[in-house]
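These protein sequence lines map, in sequence, to chains Z, R, P and V. Be aware that the first sequence starts at 159, since it is given in this note's numbering, and climbs by one per residue. Be aware that the second sequence starts at 159, since it is given in this note's numbering, and climbs by one per residue. Be aware that the third sequence starts at 159, since it is given in this note's numbering, and climbs by one per residue. Be aware that the fourth sequence starts at 159, since it is given in this note's numbering, and climbs by one per residue.
One or more hints might be untrue.
Pairs of lysine to aspartate or glutamate residues, derived as DMTMM-like cross-links and limited to a Cα-Cα distance of at most 25 Å, are as follows [said to hold, decoys possible]: (1) 176/R x 189/P; (2) 307/V x 174/P; (3) 163/Z x 331/Z; (4) 176/V x 174/Z; (5) 162/P x 189/R; (6) 272/P x 426/Z; (7) 162/V x 431/P; (8) 162/R x 295/Z; (9) 162/R x 426/Z; (10) 272/P x 189/R; (11) 339/V x 282/V; (12) 307/R x 295/R.
Counterexamples of contact, computed for chain V against chain Z with all Cβ distances above 10 Å [as the list claims (entries may be wrong)]: (13) 187; (14) 194; (15) 195; (16) 284; (17) 429.
Simulated from the structure, these hints should not be mistaken for laboratory data. The C-beta atom is built at its ideal place from N, Cα and C for all residues, glycine as well.
There are 4 protein chains.
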Amino acid sequence: MPTKKELLTRPIQHIDIKQHNVVAMVDAMADMAFTARDLARGAQIYERMLRDQECGVILCLAGSLISAGLKQVFVDLIRNNMVDAIVSTGANIVDQDFFEALGFRHWIADELYKSGTEDGTLRELMIDRIYDTLIDEEELRLCDETTEKIANVIPPRPYSSREFIREMGAYLEREGKTPAKGGVDSIVLAAFENDVPIFCPAFSDCSAGFGLVAHQHARQGKPMVSLDSAKDFYELTQIKIANPTTGLLMIGGGVPKNFAQDIVVAADILGTEAPMHKYAVQITVADVRDGALSSSTLKEASSWGKVDTTFEQMIYSEATLALPLVAAYAWHKQAHQSRKQRRWARVLEPVTA
Amino acid sequence: MPTKKELLTRPIQHIDIKQHNVVAMVDAMADMAFTARDLARGAQIYERMLRDQECGVILCLAGSLISAGLKQVFVDLIRNNMVDAIVSTGANIVDQDFFEALGFRHWIADELYKSGTEDGTLRELMIDRIYDTLIDEEELRLCDETTEKIANVIPPRPYSSREFIREMGAYLEREGKTPAKGGVDSIVLAAFENDVPIFCPAFSDCSAGFGLVAHQHARQGKPMVSLDSAKDFYELTQIKIANPTTGLLMIGGGVPKNFAQDIVVAADILGTEAPMHKYAVQITVADVRDGALSSSTLKEASSWGKVDTTFEQMIYSEATLALPLVAAYAWHKQAHQSRKQRRWARVLEPVTA
Amino acid sequence: MPTKKELLTRPIQHIDIKQHNVVAMVDAMADMAFTARDLARGAQIYERMLRDQECGVILCLAGSLISAGLKQVFVDLIRNNMVDAIVSTGANIVDQDFFEALGFRHWIADELYKSGTEDGTLRELMIDRIYDTLIDEEELRLCDETTEKIANVIPPRPYSSREFIREMGAYLEREGKTPAKGGVDSIVLAAFENDVPIFCPAFSDCSAGFGLVAHQHARQGKPMVSLDSAKDFYELTQIKIANPTTGLLMIGGGVPKNFAQDIVVAADILGTEAPMHKYAVQITVADVRDGALSSSTLKEASSWGKVDTTFEQMIYSEATLALPLVAAYAWHKQAHQSRKQRRWARVLEPVTA
Amino acid sequence: MPTKKELLTRPIQHIDIKQHNVVAMVDAMADMAFTARDLARGAQIYERMLRDQECGVILCLAGSLISAGLKQVFVDLIRNNMVDAIVSTGANIVDQDFFEALGFRHWIADELYKSGTEDGTLRELMIDRIYDTLIDEEELRLCDETTEKIANVIPPRPYSSREFIREMGAYLEREGKTPAKGGVDSIVLAAFENDVPIFCPAFSDCSAGFGLVAHQHARQGKPMVSLDSAKDFYELTQIKIANPTTGLLMIGGGVPKNFAQDIVVAADILGTEAPMHKYAVQITVADVRDGALSSSTLKEASSWGKVDTTFEQMIYSEATLALPLVAAYAWHKQAHQSRKQRRWARVLEPVTA
């Protein structure tokens with residue numbers, strides 16, 4: 159049996175879209191067929207969102223994106239003012255991004271481990287696997303403990319996930335886990351610094367959930383931190399009401415897609431007629447035919463009054479391949495240069511549900 | 159343009175597995191290859207879970223299952239003591255099952271509407287579409303309002319989704335929305351009557367979320383109902399600790415799959431060494447190659463210490479085709495006949511996180 | 159390392175649709191959504207083809223269907239007069255069906271072998287793998303040699319694949335490889351006895367191809383058997399001209415689907431205005447979005463003038479699961495009872511291209 | 159109803175990999191996960207094939223690749239000595255490449271036409287559709303007629319598809335359908351000029367098939383051109399025997415993949431122990447779980463003794479997205495600079511089966 163150290167030697171490296179000018183290639187793909195054309199149109203719609211001065215951009219993240227080498231892409235989108243709010247699965251934000259911010263890494267798995275036949279060995283070594291990527295489970299436990307520590311020091315009350323993730327950003331700054339102090343950059347930190355709110359509507363379902371369960375268990379009968387998921391929904395709806403023109407850039411589907419689409423209806427329920435999302439691009443491998451929300455077309459969303467159909471595009475591709483092209487296209491077109499920063503987190507701070 | 163009435167004429171009918179004895183056919187499939195063999199093995203593992211007197215069965219639901227005609231399958235599993243807890247997306251439980259319990263229906267869409275080209279017309283008619291199925295959006299708003307009414311009458315405090323869904327069951331009973339009183343049967347009602355706890359870890363992201371947003375908006379500054387999603391996680395972990403031997407029957411992936419798998423780790427964090435899930439069957443169309451949790455193999459889950467590999471099976475099929483076969487197989491084998499009812503909701507009632 | 163004998167112990171068994179009456183279940187699925195509804199409609203269209211006295215039924219086979227346990231389904235379709243012509247990949251007809259007719263078997267692979275990590279071991283043992291199924295390569299070589307023997311004894315000239323496969327049927331009868339003489343039943347034999355022509359448009363690409371390469375190699379410079387693939391196309395077009403009303407039952411896509419659809423155009427080129435295929439059902443896992451013919455919708459085929467759109471249905475499912483339901487439905491509805499046998503092979507015998 | 163002219167206005171343009179240096183980006187992807195990493199490894203293996211002085215490269219084409227804008231990629235591979243033989247579906251070579259060589263174009267379809275609801279209109283206008291691409295059916299008929307003309311003027315005897323396609327190349331040169339004379343470049347022409355043999359093992363199943371059916375119909379009872387598909391197999395096997403070290407670059411699966419893999423076994427049958435293909439890269443959207451050859455992993459091929467496992471890589475992506483990256487990577491790394499041209503067509507000319 160190999161040792162843990164032998165298996166965790168080659169770290170995942172995050173791609174830097176700023177180094178790769180794909181504008182001409184993506185534009186050429188617009189005159190091809192199938193996925194190439196869809197990708198080009200999606201990239202052009204994302205560029206259009208950024209040039210629309212009225213439009214706030216909501217980024218939705220599902221799937222194992224950060225562990226796959228896409229962290230820097232999202233950091234760049236935040237730091238270059240190309241996204242105004244994020245809705246994500248908890249795993250991307252806590253188990254993967256915050257995890258790396260604490261100094262840990264994801265590792266490339268050899269072909270053999272990808273097959274699944276060696277998962278028993280990995281179990282014994284306390285190594286967790288995400289398809290072709292490996293994680294040191296002991297480090298993941300340290301990440302859980304960190305979220306528990308954060309819960310232990312903030313005032314006990316119901317929090318939206320956004321509020322808690324903001325505390326995680328404050329923690330990174332406080333502890334010097336920043337590029338300026340020799341740490342690595344992270345989505346949580348960049349969003350904290352740029353007042354980009356991050357929502358994880360199913361927040362208990364990640365490393366933060368483990369920390370909060372431990373926190374609540376220790377506080378039984380005493381005041382404790384709880385997570386108000388209705389408040390998440392309320393907050394993002396407030397943003398939609400305050401900024402009616404919106405565009406969605408969605409990687410994967412799942413809860414983030416559903417949640418971000420639903421705020422149009424929620425605004426309506428609160429008595430404000432909000433327009434549908436004006437732009438929508440989704441990168442997904444999901445299959446429309448099973449009727450799941452993840453794979454439902456953006457046209458279908460228009461029947462629900464959630465997404466307008468003029469500027470919508472599905473890109474059927476695995477994200478590690480398609481997203482670098484879409485994001486690099488928009489960055490190198492400099493679509494964000496004249497864009498105003500929205501700092502939506504500040505808008506939300508006075509909000510009390 | 160057709161009228162709404164013309165489009166909503168042919169209702170979805172829920173399949174009754176009790177009428178279809180597929181035991182011999184499924185057993186024959188065990189000697190074939192590919193999906194047939196996988197399905198047969200999955201059905202046999204589900205039967206084995208039910209015969210294992212120690213084993214508690216957790217059912218996970220993701221995708222549009224109730225609108226697709228699978229409601230009666232789940233009602234039958236509950237009423238025949240073939241499932242002990244449910245983890246689901248909110249849409250299945252509230253927008254679809256509770257919605258039908260209120261007297262509304264899902265409708266079959268003509269081929270033309272499935273193509274997406276008519277979604278503008280549907281929008282104008284206030285008809286929502288799920289691939290090949292239609293919903294009257296005005297009825298869906300009545301469903302939202304009902305959840306708001308429930309939130310308005312229960313004591314204001316943080317609730318787990320389980321507690322709130324239990325209140326929805328009490329509402330159905332109170333209002334006579336039961337088969338005994340001429341209503342239709344539902345998962346929410348059957349689970350309420352049989353003390354089967356239902357968890358929706360991303361609960362804000364459904365019709366109940368709309369109701370709760372409206373409730374919180376009206377109660378600004380006053381005591382209000384909030385949703386503590388950490389409590390959900392805490393509660394299901396308590397169940398795992400109280401009943402260490404568990405099996406998972408998963409339809410789709412997403413948050414329910416992740417949440418149910420994670421309780422093994424959560425138990426560990428609370429200081430109780432809980433065994434991995436002993437049995438696991440997943441029906442999914444998802445593709446393993448994108449690294450998403452929905453599609454991650456059950457072998458991969460074993461590297462995380464969540465699922466044992468002896469009795470695990472992925473069934474790669476759309477659920478409307480595979481689930482009736484798997485469930486009918488177990489029911490007609492009468493695997494549940496000597497099974498004791500667990501009434502886990504009672505176990506949870508005294509739990510205070 | 160295990161021995162070959164240890165790995166080849168559990169044979170694939172072919173499902174017998176006559177034992178499984180699924181009519182009520184499939185009819186119930188017609189009122190559900192997604193694949194269940196599609197499958198029910200596909201089964202009902204197949205039934206309708208069989209009840210249409212004008213309609214000749216062409217069965218198209220691609221994918222590893224025989225090795226997967228579907229041989230008896232196709233034998234039953236032939237022997238019950240539910241199919242009039244077959245277009246197939248060579249592998250299904252020669253490497254798998256004829257192979258089993260010679261007395262060989264396919265074997266169930268353990269979970270470990272399915273992962274691909276043990277393929278080196280299989281190589282050393284001369285065992286070939288088809289996903290989760292194993293084949294003794296030495297037996298496959300005997301199958302190659304048998305096709306060479308057949309080529310050696312028939313008059314040297316260009317043959318259509320149909321003519322050569324007919325010779326394979328004659329060989330089985332001559333050698334007593336029939337159920338009556340203690341052998342197993344086969345597609346090749348049943349089709350021979352019932353004058354159902356079988357076309358393999360890419361015939362060189364299978365065990366027969368190996369036999370013919372060996373034959374041609376030995377006959378260099380002398381008269382030899384050759385395969386005229388244009389003649390295949392010519393013959394099936396003649397059938398279409400003689401019997402204008404046709405329906406397609408397609409399992410998988412590939413060359414068989416393309417070939418069978420193209421005869422409508424070919425008839426036109428020969429100066430006979432033949433109607434489009436009136437009925438078409440395809441069972442496939444292929445994905446429409448890559449533009450391949452295998453996955454192209456039957457609606458798309460109508461733009462080419464190949465398939466009418468009134469009675470067409472795609473069933474997105476792996477074949478081992480969907481085909482037994484579709485075929486059993488039609489058989490148990492006894493749709494074929496009043497159907498006349500077409501014996502199209504006799505129609506073709508006088509045809510000389 | 160629109161006119162044909164209104165629908166056919168925006169032509170597909172073929173991407174030029176020479177304009178897009180993606181080397182740094184693809185190398186960066188090697189340190190990511192999932193498809194990005196697989197694609198990078200695939201590109202690196204293709205580069206390695208080209209640098210291996212012993213290795214002959216066989217390109218396999220399935221799916222609608224030329225109509226999708228990939229024609230120039232393949233022309234560049236041929237003209238830059240990056241491929242030594244081609245195995246393809248007939249549609250790519252005849253209906254799409256030769257079709258464009260005759261001066262016709264493929265056209266971009268509007269979103270509406272992609273949905274399938276307008277296929278009746280397309281039928282009336284004699285426009286054929288490939289997912290999101292349109293073709294003028296009357297032009298396609300002219301292509302059929304051209305292949306008939308070619309068949310009418312060459313000596314009547316059995317031809318391999320390779321020999322017939324060579325005649326198509328000669329026709330283009332003879333008729334001045336060349337870039338030098340103001341025509342467009344094509345795979346058929348480039349391969350003719352560079353003695354790169356092209357095999358279409360299911361050749362009747364395309365525009366050439368239509369031409370040959372018409373030819374044979376007119377020649378009834380007289381000497382005629384026929385297609386010997388066994389000869390195709392024999393010829394490619396001869397190449398393998400003459401050049402034992404080989405690598406496969408496969409786009410899609412189907413008959414071309416099967417055919418090219420099988421020559422290893424065929425060589426063995428002819429008494430020459432040929433090594434397995436040393437390198438193999440496949441770009442595909444197919445799903446391994448249905449057991450079809452198109453989707454079978456290259457590891458599985460190794461159990462059949464066809465592909466070595468040291469340098470094999472599956473890239474799960476639609477081809478229009480992945481192939482430009484893989485091909486541009488190899489071209490910009492100039493892996494082919496010191497490669498000797500093989501001119502395998504010359505090797506074959508004296509071969510008589």
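Now the hints, each set against the structure:
Only pairs whose Cα atoms come within 25 Å are accepted, and residue 176/R paired with residue 189/P is accepted, the gap being roughly 17 Å. Taking the CA atoms of residue 307/V and residue 174/P, the gap is near 50 Å; set against the 25 Å cutoff, the hint is violated. Of the supplied pair hints, the one linking residue 163/Z and residue 331/Z is violated, its CA atoms being roughly 30 Å apart against a limit of 25 Å. Straight-line distance between C-alpha atoms of residue 176/V and residue 174/Z comes to about 23 Å, which keeps the hinted pair within the 25 Å bound.
Restraint check for residue 162/P and residue 189/R: satisfied, since their Cα atoms lie roughly 20 Å apart, inside the 25 Å limit. Annotation: proposed proximity of residue 272/P to residue 426/Z is violated, straight-line Cα distance about 52 Å (limit 25 Å). Using a Cα cut-off of 25 Å, the hinted pair residue 162/V and residue 431/P holds, with the two alpha carbons roughly 22 Å apart. Simply put, residue 162/R and residue 295/Z have alpha-carbon atoms about 54 Å apart, too far for the 25 Å limit, and the pair is violated.
Between residue 162/R and residue 426/Z the alpha-carbon distance is near 21 Å, which keeps this suggested pair within the 25 Å criterion. Restraint check for residue 272/P and residue 189/R: the C-alpha separation of about 15 Å stays at or below 25 Å, so the hint holds. For a cut-off of 25 Å, the pair hint linking residue 339/V to residue 282/V is broken: about 36 Å separates their Cα positions. Of the pairs offered as hints, the one joining residue 307/R and residue 295/R holds, with about 19 Å between alpha carbons and a cut-off of 25 Å not exceeded.
At the 10 Å boundary, the C-beta of residue 187/V falls inside the reach of chain Z, the nearest C-beta of that chain being 7 Å off. With a least CB separation of 4 Å from chain Z, residue 194/V falls inside the 10 Å interface cut-off, contrary to its annotation. With 10 Å as the threshold on Cβ separation, the claim that residue 195/V sits away from chain Z is violated: the shortest Cβ distance comes to roughly 7 Å. Residue-level check passed: residue 284/V sits 20 Å from the nearest beta carbon of chain Z, beyond 10 Å.
The claim that residue 429/V is not at the interface with chain Z holds, since no C-beta of that chain comes within 10 Å of its own (minimum 35 Å).
Consistency note: the structure conflicts with the earlier hints numbered 2, 3, 6, 8, 11, 13, 14, 15.
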